[in-house]
Amino acid sequence: MRTGALAALRPLARRFAMFVAVIWAASTLNFFVPRLAPRNPIEEKLLAQQEMGGTTVDIQSLVRAYNAEFGLDRPLWRQYLTYINDLAHFDLGYSIADYPTRVAAVIGRAMPWTIGLLTTTTLLAFAIGSVLGALTVWSDAPRLFRAIVPLFMIFSAVPFYLIGLALIYVFANLLQWLPLGGGMGIRTMPTLTFAFALEIFKHSILPACSILIASVGVWALAMRGMMVTVVAEDFMTFAEALGLTSRRRFTQYALRNALLPQVTLLALSLGHVLSGSILVELVFGYPGVGQQLFRAIQNLDYFVIYGIVLVLVTAIALAMLVVDLVYPLLDPRLRRLGTAR
Amino acid sequence: MILRYLRRNPSLPLGLLLIGGLLAFSIAGRFVIGYDAAFPLSGPPSLPPDADFPFGTDADGRDLLAVLVYGTLLTLKIGVIAGLLGVAIGTCVAFVAAYHGGWVDVVVRILVDVLISIPALLVLVVIASAIHTSMSTTIMAVTIALLAWREPTRQIRAQVLVMREAPYVKLAVLNGAGAARIIFREMVPNLLPYLAASFVMAVAQAVLASIGLEALGLGAPAEPTLGMTIFWLMSESAFLLGLWWWIVAPITVLVLLFVGLFLITVGLDELANPRLRRDTA
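Which chain is which? The protein sequence lines are C and G, in order.
First residue of the first sequence: 0, per numbering that gives the first Met the number 0; consecutive thereafter.
First residue of the second sequence: 0, per numbering that gives the first Met the number 0; consecutive thereafter.
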């Protein structure tokens, strides 16, 4: 009994080790790549400020002072240990561009926008795509669905932001139905009113649609593949012999069985969706993490760049871990297998 | 017979046609217009399409026809270099791992699994922001190649593992063939369709990554690629200025490019893996 439980835990432990390895790899890369490059972010920042006439003091001594402050004058391995230690305490350091602000604060401000946009669009694309893909195989469904899927397949090859640019052009520029960009109006103050919620919603329609249009096809295609095998199963013939309605057979028998493997695809697609949505935020000036990343790159604000990269890698790894852990709970077949072994 | 096959697998010719058309446009365009015209102040700014500038000019006075002609090839250059490097590295690593087996294979598998869980764009942002000032399309291609070998490695390793057990390879081993002979005479020819498919996919991924980096402001400012065009039209707010010709043409070219690469990949996949072939119904 005990050894059985331990054996069941082993894949879990391996999966968790993998999660730690991903984060360690990303953070180590984050630490060493910039230090291999022949540039000093602080010196660059101060020189840029001097060019703009900001300071007249001796730059070199200022650079030394800042280097000491950020600990850049110590040996590399000491810096690395401090860095890992800081990360373990969720300390991402300070933004160089607007110094007293902490990187964590910058990211924290932007994160809700990105998470909101990403989770809604991913779940919607998952639901719409799966049902659409299933309907293309279902013989009672209108033939129209069979024509839609190749169209969405083509869309899935086009990056989100190109669809976004096209949507802005048509709906914001030509028709002027929806705002050009941003998360809310420039003069709007956040309040807990219906009007404010409506405004947030209006600003999110186009960014969300550009992600949706491009990702529905991926789900539909995968679902179609699963559905083909499910429809041929014996229990489908049995359900028909029982005289169940087409609708009931579709939702209760076919869809439920084909849907589960889609969940694993969800974990795999997250990274792709995230990279795409970073650029969508850019196109729309949506105030999420992607927009912050762009600003940090423009300002050469390296600590913010590394902070954002690390937080996003961690978030994706965490989401993949959760999906992998939850999946066996969703699928009764796997649950039984796990205990039998 | 080839014709009948192509009718059943229309993705491949359609994709080749799209990419071929873009290449033809880009190569023929070189005889019509000079590289200089793709740079600022080669024409009056923000000019709508007319007889002299059939695609108009952007807000900096680049002739958009020249930008599209030279940009398409520059962007494809990044994709092809990164794709070639990625598939070459990937194939070597995959063969070493799958053929050697043991701890080498375990290390490669774990490495690929870990790296594949990290979104490439994020890592590329870190690398590209470190070499920012000296960026060029060639450096961009090599940078992207640093991560472009992950998927090819995974796909080809799986194929080699399957092939190693195939009867014809076993037979070659019994005949006393050496490793080199088995790899190059028995395995590689059978891998070619897979190699081609993963190459085209790697090209598409690399183009996607390069445009992402360029849109984030990490591109090569002195080379008018399609991605830089996207960066310029966003940073100089072409939408607010209402310069539709600046927006529509590059988007169209990029969409054709991505759809073309996608169709070729789908077609090659079907060629390599007959089980994927759709029933004619």
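Note that these hints are calculated values from the structure, not bench results.
Do not rely on the hints blindly, as some may be mistaken.
[What the hints assert, rightly or not] Computed footprint of chain G on chain C; a stretch qualifies when at least three of its residues, placed anywhere within it, have a C-beta under 8 Å from a C-beta of chain G:
#1 23 to 29
#2 88 to 94
#3 115 to 125
#4 130 to 138
#5 257 to 265
#6 309 to 316
Glycine residues also receive a C-beta, built at the ideal position from the N, C-alpha and C atoms.
Hints versus structure:
1. 23 to 29: Answer holds; 4 residues pass the 8 Å Cβ test.
2. 88 to 94: violated (count 0)
3. 115 to 125: Answer violated; 0 residues pass the 8 Å Cβ test.
4. 130 to 138: With 0 residues in contact (Cβ-Cβ under 8 Å with chain G), the coverage given for the region 130 to 138 of chain C is violated.
5. 257 to 265: It is violated, with 0 qualifying residues against the three required.
6. 309 to 316: Holds: 4 residues of the region 309 to 316 of chain C have a Cβ under 8 Å from chain G.
Consistency note: the structure conflicts with the earlier hints numbered 2, 3, 4 and 5.
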